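Those protein sequences? They're chains A and B, same order as listed.
Using the working numbering, read the first sequence as starting at 140 and increasing by one per residue.
Using the working numbering, read the second sequence as starting at 8 and increasing by one per residue.
Think of the hints as simulated: they come from the structure by calculation, not from any bench.
Just so it is clear, the structure is predicted and the values come from calculations on it, not from any experiment.
Watch out, some of these pointers could steer you wrong.
As the list claims (entries may be wrong) - Listed below are the simulated DMTMM-like cross-link pairs for lysine to aspartate or glutamate, each with C-alpha atoms no more than 25 Å apart in a straight line:
hint: 1; chain 1: A; residue 1: K273; chain 2: B; residue 2: D450
hint: 2; chain 1: A; residue 1: K454; chain 2: B; residue 2: D119
hint: 3; chain 1: B; residue 1: K259; chain 2: A; residue 2: D324
hint: 4; chain 1: A; residue 1: K273; chain 2: B; residue 2: E452
hint: 5; chain 1: B; residue 1: K259; chain 2: A; residue 2: D405
hint: 6; chain 1: A; residue 1: K454; chain 2: B; residue 2: E452
hint: 7; chain 1: A; residue 1: K454; chain 2: B; residue 2: E196
hint: 8; chain 1: A; residue 1: K374; chain 2: B; residue 2: D459
hint: 9; chain 1: B; residue 1: K419; chain 2: A; residue 2: E189
hint: 10; chain 1: A; residue 1: K273; chain 2: B; residue 2: D459
hint: 11; chain 1: A; residue 1: K374; chain 2: B; residue 2: E141
hint: 12; chain 1: B; residue 1: K259; chain 2: A; residue 2: E207
hint: 13; chain 1: A; residue 1: K273; chain 2: B; residue 2: E479
hint: 14; chain 1: A; residue 1: K374; chain 2: B; residue 2: E143
hint: 15; chain 1: A; residue 1: K374; chain 2: B; residue 2: E452
hint: 16; chain 1: B; residue 1: K174; chain 2: A; residue 2: E383
hint: 17; chain 1: B; residue 1: K233; chain 2: A; residue 2: E207
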Amino acid sequence: MMTPGSEAELAEAITGASGPLCIQGGGTRGLAVEGEVLSTRGLSGVELYEPGALTLVVSAGTPVADVEALLAKENQRLAFEPIDHRGLLGTDGTPTIGGVIAANVSGPRRIQAGAARDHLLGVRFVDGSGQVVKNGGRVMKNVTGYDLVKLMCGAHGTLGVLTEVALKVLPRAEAAATVTLTGLDLPGAVRAMSAALGSPYDVTGAAYDAETYQTHIRVEGFRDSAAYRGAELVKLLSPIAMAEVQEDAESLWRGIRDVAAFQGRDGDVWRVSVKPTDAVELVPHLEAEALQFDWGGGLIWALVPAGTELRNRIKVPGHATLVRAAQETRARLGVFQPKPGPLTAVSEGLRRQFDPRGILNPGLMG
Amino acid sequence: MEMPSPNPAILARKARLAERLLAVLPADAVIQDEAETRAYECDALTAYKCPPLLAVLPRSTQEVSAVLRICHEEGVPVVPRGAGTSLAGGALPTADCVILGVARMNEVLETDFENRIIRVQTGRTNLSVSGAVEDEDFFYAPDPSSQLACAIAGNIAMNSGGAHCLKYGVTTNNLLGVTMVMMDGTVAEIGGAHLDAGGLDLLGVICGSEGQLGVVTEATLRILRKPEGARPVLIGYGSNEVAGACVSDIIKAGVLPVAIEFMDRPCIEACEAFAKADYPMCEALLIIEVEGSEAEIEHQLGLITEIARSHNPVELREAGDADEAARIWLGRKSAFGAMGQINDYMCLDGTIPVSSLPFVLRRIGEMSKEFGLDVANVFHAGDGNMHPLILFDANKPGDLETCEAFGAEILKLCVEAGGCLTGEHGVGIEKRDLMLHQYSAADLEAQLKVKDVFDPKWLLNPAKVFPLSVTEGRRAVALAAE
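Just chain A, with the same shape it has in the complex (with noise of 0.2 Å):
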């Protein structure tokens, strides 16, 4: 395993790579490809942090925590809500901010504030020839050249190893309400969802629990507000179902951006995205033994029985993601839907533009 301690060193270690580099900042989101291990872990601390213009600046190993620890000594957080993997995955190890956006990962507020690429403002990355690239700044408003920074959010190491990512922060909300609707089918649910999120409550989550049919729809702001909008919701909504409304519920939101209902469960764990009223129609197709729903029912986690090919049965427009399952089905299957026809060539393109040698995490991307 190589720590590099600084991204020269980094870029040396690439350069110097005789073989395939398995890029890993935490290891806890269950990614590692084959090969010898190029860990971010050594680059680690805060550049700058301006709580005033909602700007941080780290290196791509920090860890997670100590992010979300900093940022809320100002009352600040990322919102973007990254999940965390290991509970759903059996991982240990320490999550890492360059491993959220490496992963483009986002939990139930993506509906509201946008992805973790939405907050992305700059990146610093190592590329497949050892060469150090900056894109993007520290500015939330910036359209000089390419944004790379996008591309490089999502990528998981494929097109460069990040070093250093600036980030948008916001605001922590004072206070939050979440409106819970009982005894709803999948159908109600979507219909709920998207009559509270076509509300103007700025709602901040809303998920279903297809195994306790509960609906959860989420405000957030200063307490009278968050009040407010909540009582205004549970009347909105009274002609779906009956409502309650509860003033925190963090634990809650917690356990729905990590999956926690299918956790320490056997089988096959899938990451599904379509549009929310494609779900109400694709569901009966997937066959799976629990379903969960976030993003007003757009994102559907499935747990199905180990080894099963989900893609098959996806008729709709999306995207589904193999999050949890044996080595062997992860290569047979592939983790990520391939590209559809003309984008496929552009995807590899890209990969050999920025990896000639093809040794930044092989394969794990098509």
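Guided by the hints, dock chain B onto chain A, whose structure is given.
What follows is chain B alone, placed relative to chain A:
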């Protein structure tokens, strides 16, 4: 401004090219008459003009595909054009190019309130996207100030912003999917009504690529429900430093206004003379707008005015009703018109970290004296996106050149302060030659490699974004291969 010299071999093939295009387009969609091509000789950066070889106005993705396939085979450069409102020269033609305008493609293809999306052809104007959903109280958030005229195609090409980005983000944060035609005519569907990409985020790199990677013909956009209400407050200060500190304190207090606009004294004076909005005469004026229910607005404005008062404002004016709110916005919204009445002006849009605002404004003031040209600053303060307006006289020999030199120095200053050359207008030709101030050669090479993949022959808008010296080799290879 240097542009590549036109390829004589292409100029000589004009008739054949027109004939081939007419075989795939209706007669009225191919413009070859020299008087008519002149309508496409420039965009909103009117200092530079060059009529194209031909202009085409297709009506469908299939027609765009047919046009690009022919141009690809013929080795002819293509410059895509939305509504031609680019301030950066993004749609400036070369004499040997085909202008591909999407203005006739302006249909709404689908509105879906349950899933909160709208799908449109990209020739549709920004404001008319909101117009298509406003009966249901929805809107499309990015609101560039040219929104009445500018097209979604150009918004996507430049990743346009607007005054409300602090809360709602810019185009890339509100774009879910596109239909894009690649230079060889291949049609690709990228993203859609679902969220995020399965593999690489190609949508992310296409947005903001200034028409150099493909021609986007259809777009799926996120629409939002309108807030219950909105109201501004106007605050005047005796110095830029204090106004800057006030903005920072408001953000630190956890309030997230939808807009924080900043005007300096020259701008206030010009707006006042033009619009008579009854602005106080002071060094710095803030207009801060918040949204929500009546009670929520009251609460947020209460927090904001408390912070504002702690900085000793010379004026603090809350809007009591819609008329007063409109009055507060009146001057700001007429700022550009006011400047245009006084003088010719050049509008820059460099972004800086909010914390360097006082330093940057002071330096701009000093540089204004050095160059002998006045500057007024109006500014999206929440996100650091500056809009210095440099006043000059286009009829006075040398004034434009002095203005451009001054503008370049301001943009370099933005970069030195930790910001960037352009926050929402794009690079185009205007800031092309400054790119090496922000990025190293290796940083730019990484961007060029992306274009190599999407457009290996370098035919799409090839003379933009990057310094010509940096792209010369690639453009020459494309020319030789022809």
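Going down the list of hints, with the structure as the test:
1. K273/A with D450/B: 6 Å, holds
2. K454/A with D119/B: With Cα atoms ~20 Å apart, K454/A and D119/B stay inside 25 Å; holds.
3. K259/B with D324/A: Between K259/B and D324/A the Cα gap is close to 42 Å, so the pair fails against 25 Å, i.e. violated.
4. K273/A with E452/B: 11 Å, holds
5. K259/B with D405/A: 46 Å, violated
6. K454/A with E452/B: 40 Å, violated
7. K454/A with E196/B: With Cα atoms ~16 Å apart, K454/A and E196/B stay inside 25 Å; holds.
8. K374/A with D459/B: Not satisfied, since the Cα-Cα distance of roughly 55 Å exceeds 25 Å.
9. K419/B with E189/A: 22 Å, holds
10. K273/A with D459/B: 19 Å, holds
11. K374/A with E141/B: 23 Å, holds
12. K259/B with E207/A: Roughly 16 Å separates the two Cα atoms, so the pair holds.
13. K273/A with E479/B: 22 Å, holds
14. K374/A with E143/B: Distance ~19 Å between K374/A and E143/B Cα, so the pair holds.
15. K374/A with E452/B: This hinted pair is violated, its Cα atoms lying about 56 Å apart.
16. K174/B with E383/A: Not OK: K174/B and E383/A at ~29 Å, beyond 25 Å, violated.
17. K233/B with E207/A: Measuring from Cα to Cα gives roughly 32 Å; hence the hint is violated.
This entry does not satisfy hints 3, 5, 6, 8, 15, 16 and 17, going by the numbered hints stated previously.
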